[in-house]
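Chains as they are written, first to last, in the numbering used here: chain L, 11 to 122; chain R, 119 to 464.
Quick caveat, the hints were computed from the structure, so don't treat them as lab data.
One or more of the hints may lead you astray.
Straight-line distance between alpha carbons at most 25 Å, and here's what the computed SDA-like set of lysine to any residue pairs gives [what the hints assert, rightly or not]:
(1) Lys-353/R with Glu-87/L
(2) Lys-341/R with Glu-48/L
(3) Lys-340/R with Gly-43/L
(4) Lys-47/L with His-268/R
(5) Lys-47/L with Phe-386/R
(6) Lys-56/L with Arg-283/R
(7) Lys-337/R with Gly-49/L
(8) Lys-152/R with Lys-341/R
(9) Lys-47/L with Leu-123/R
(10) Lys-337/R with Gln-111/L
(11) Lys-341/R with Val-94/L
(12) Lys-23/L with Ala-88/L
(13) Lys-337/R with Lys-23/L
Everything numeric in this text was worked out from a predicted model, so none of it was measured.
Chain by chain, the residues run as shown.
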Amino acid sequence: MAKKYYDPAGLGKFGNIAEFQKPMADKFFAYYGEVFKEGALTAREKSLIALAVAHGVQCPYCIDAYSTDALEKGCSEAQMMEAVHVAAAMRGGATLVHATQMMDHVKDLTGA
Amino acid sequence: MKSLLAQHALLSAPSEQRLVLEDPGSALPFFADKLAESGLPVLHATNLEVLQLNLGRMCNQTCTHCHVDAGPDRKERMSREVMEDCLRALDAHPVHTVDLTGGAPEMHPDFRWFVEQLNEKGCHIIVRCNLTIIRANKKYYDLPEFYRKHKMEVVSSLPFYTADRTDRQRGKGVFEHSIEALKMLNAVGYGLPDSELELNLVYNPAGAFLPGSQDELEKQFKKSLMADHGIQFHKLFAITNLPISRFLEYLVRSEHYAEYMERLVNAFNPAAVQGVMCRNMISVSHDGSIYDCDFNQMLELPLSAGMPHHIRDLAKSNVAGRAIVTGRHCYGCTAGAGSSCGGTVA
Ligand code: SF4
Ligand code: SF4
Numbered sequence: 011m012a013k014k015y016y017d018p019a020g021l022g023k024f025g026n027i028a029e030f031q032k033p034m035a036d037k038f039f040a041y042y043g044e045v046f047k048e049g050a051l052t053a054r055e056k057s058l059i060a061l062a063v064a065h066g067v068q069c070p071y072c073i074d075a076y077s078t079d080a081l082e083k084g085c086s087e088a089q090m091m092e093a094v095h096v097a098a099a100m101r102g103g104a105t106l107v108h109a110t111q112m113m114d115h116v117k118d119l120t121g122a
Numbered sequence: 119m120k121s122l123l124a125q126h127a128l129l130s131a132p133s134e135q136r137l138v139l140e141d142p143g144s145a146l147p148f149f150a151d152k153l154a155e156s157g158l159p160v161l162h163a164t165n166l167e168v169l170q171l172n173l174g175r176m177c178n179q180t181c182t183h184c185h186v187d188a189g190p191d192r193k194e195r196m197s198r199e200v201m202e203d204c205l206r207a208l209d210a211h212p213v214h215t216v217d218l219t220g221g222a223p224e225m226h227p228d229f230r231w232f233v234e235q236l237n238e239k240g241c242h243i244i245v246r247c248n249l250t251i252i253r254a255n256k257k258y259y260d261l262p263e264f265y266r267k268h269k270m271e272v273v274s275s276l277p278f279y280t281a282d283r284t285d286r287q288r289g290k291g292v293f294e295h296s297i298e299a300l301k302m303l304n305a306v307g308y309g310l311p312d313s314e315l316e317l318n319l320v321y322n323p324a325g326a327f328l329p330g331s332q333d334e335l336e337k338q339f340k341k342s343l344m345a346d347h348g349i350q351f352h353k354l355f356a357i358t359n360l361p362i363s364r365f366l367e368y369l370v371r372s373e374h375y376a377e378y379m380e381r382l383v384n385a386f387n388p389a390a391v392q393g394v395m396c397r398n399m400i401s402v403s404h405d406g407s408i409y410d411c412d413f414n415q416m417l418e419l420p421l422s423a424g425m426p427h428h429i430r431d432l433a434k435s436n437v438a439g440r441a442i443v444t445g446r447h448c449y450g451c452t453a454g455a456g457s458s459c460g461g462t463v464a
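The following block holds chain L by itself, in its conformation from the complex (with noise of 0.2 Å):
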C-alpha cells in the first residue's frame, strides 16, 4: 500500500468504494448522477458550485476532478477563481460570525 494519505490515483478508483457496501454505493452514485444532470441550474452553475464546495471541504480529489469538469464546462479562469472566492469568503464569514458569540460571553463574564 502507498505510504501517503492523498494518492492521486484514488480518484479513479472512487467506484471501487462498492467492493465494501454494493447497495449504499449503488444508491450513492445514482443520486450523484441526479444531482449534476442539467436542471433548473445549467451543469456548468453546478460545476462551479462544486467547485467551490470541493475547496470548502478541501478535497484533493474533488479539486482536480471539478477543475476539469469547470475547464470542459467552458468555465474561464476567472469564474473559476470567483468560486473558490465564494467558498472563501463563507468560510472567512462562518468564521468571524462566531466571534458575536466569543464578544458575547466576554461582555457577559466582564460585566461590560
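Following the hints, complete the assembly by docking chain R with the ligands onto the known chain L.
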C-alpha cells in the same frame, strides 16, 4: 517557438508517434478491438463527398497543440501540378465540398488562383483560416473581401473567449489580432444572423481535457464575444485534440499522456463512430499523397491495401466502401459526443 521538426525532436517523426500510440505494452485497448467489443464492424467509407487539401505546413503561428507541426519555419507547400491533379479528381468524383487547410492556406502563393479554379467547378469551398493571417501583413487585409467574392465558408479556430487562455495556446497577442480579424469578417457580412456568408468558429480545449457540450460552449462564446467585442458568428464546432504531433509531444512531456488517453477511451461512444469524418472524405497532403483524414496524413498512414496512394490516381479509382485505416488516435474522434472538422457528430 520552433516546430518539432526544426527542434529535431524525436516525436516530429510520424513513425515515432505511431510507436507511442500503438505501443503493444500499453493497457489501452486497440481501436479495432474496441469496435469489435462494442459489436461494431470495421470502419468503412461511404461515398466520397469532401476533399480536404492541406496546402502546406507554413503558418504565421506556432500553436502549442498543432497536430500539423506547422510554423514559419516549415516551407513545404503543394505544387501547381498537385493542385491540377486535385482539380482533375474533382471532375471524376461527385465531391460537393473542398476544405482548404494547412498551415495557413492563404500563405500559399497560388491560393487565390486555386480558389478561383475551385469556384469555377461550383463546389462549396471551406477555408480553415487562423484569423491572425488576415492581420499579419497588408497583402492579406483584403482576404475577407476575397472570401466573400468566392462565397467561401470561413472556419476559424478560437480556443477560448478570453485573451489569456487563447494566447497561452496560440501565442502572445493572438487573441487581440483574432478579434480584429473577426471584426473585419463581420464588416463584409460574415457571421451576421441572416447572412449566407458562413463564419464558424472552432473551439478545442487548451490542454489535456475534453470539450464539454458544444451547444453550451456556443452559447458562452456568443454571449462573451458579443458583449465584450460586438462580434457575431454562426456556429461553434467543439473539437477534441487528437494525440498527434505537438499535442502528443506535449502530453508525453507533461506526463499527461496515459491519463488523457484513458479519458478518451473511457468516453468512447459507439454512437459517434458512424459520424466520423473519414467516412466521406479524402485528405490530400501537400505532396499529393492521399489519406483517410488529416490525422492519418500526419501519422503517414496511407489508404488501405489496393487503394491509390496519390491524388493523380484518384480520378480513375473508386474509393467508396474502402476499409478505413484506424489506430488509437481515432479515440479522439469517438469520445463523448464525437469530434470532426465540423464539430460533434453524435
Ligand atoms: S494550429 Fe493552425 S494556426 Fe496554429 S500553428 Fe497549426 S496550422 Fe497554424
Ligand atoms: S482519426 Fe478520426 S477521421 Fe481519422 S481515421 Fe480515425 S476516426 Fe477517422
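Going through the hints against the structure:
1. Lys-353/R with Glu-87/L: Measuring from Cα to Cα gives roughly 24 Å; hence the hint holds.
2. Lys-341/R with Glu-48/L: holds (20 Å)
3. Lys-340/R with Gly-43/L: violated (29 Å)
4. Lys-47/L with His-268/R: violated (44 Å)
5. Lys-47/L with Phe-386/R: With a Cα-Cα distance of about 20 Å, the restraint between Lys-47/L and Phe-386/R holds, given a limit of 25 Å.
6. Lys-56/L with Arg-283/R: holds (22 Å)
7. Lys-337/R with Gly-49/L: Distance of about 17 Å is within 25 Å: holds.
8. Lys-152/R with Lys-341/R: violated (39 Å)
9. Lys-47/L with Leu-123/R: violated (45 Å)
10. Lys-337/R with Gln-111/L: Status violated; Cα separation ~47 Å.
11. Lys-341/R with Val-94/L: OK: Lys-341/R and Val-94/L at ~23 Å, within 25 Å.
12. Lys-23/L with Ala-88/L: violated (31 Å)
13. Lys-337/R with Lys-23/L: With Cα atoms ~34 Å apart, Lys-337/R and Lys-23/L exceed 25 Å; violated.
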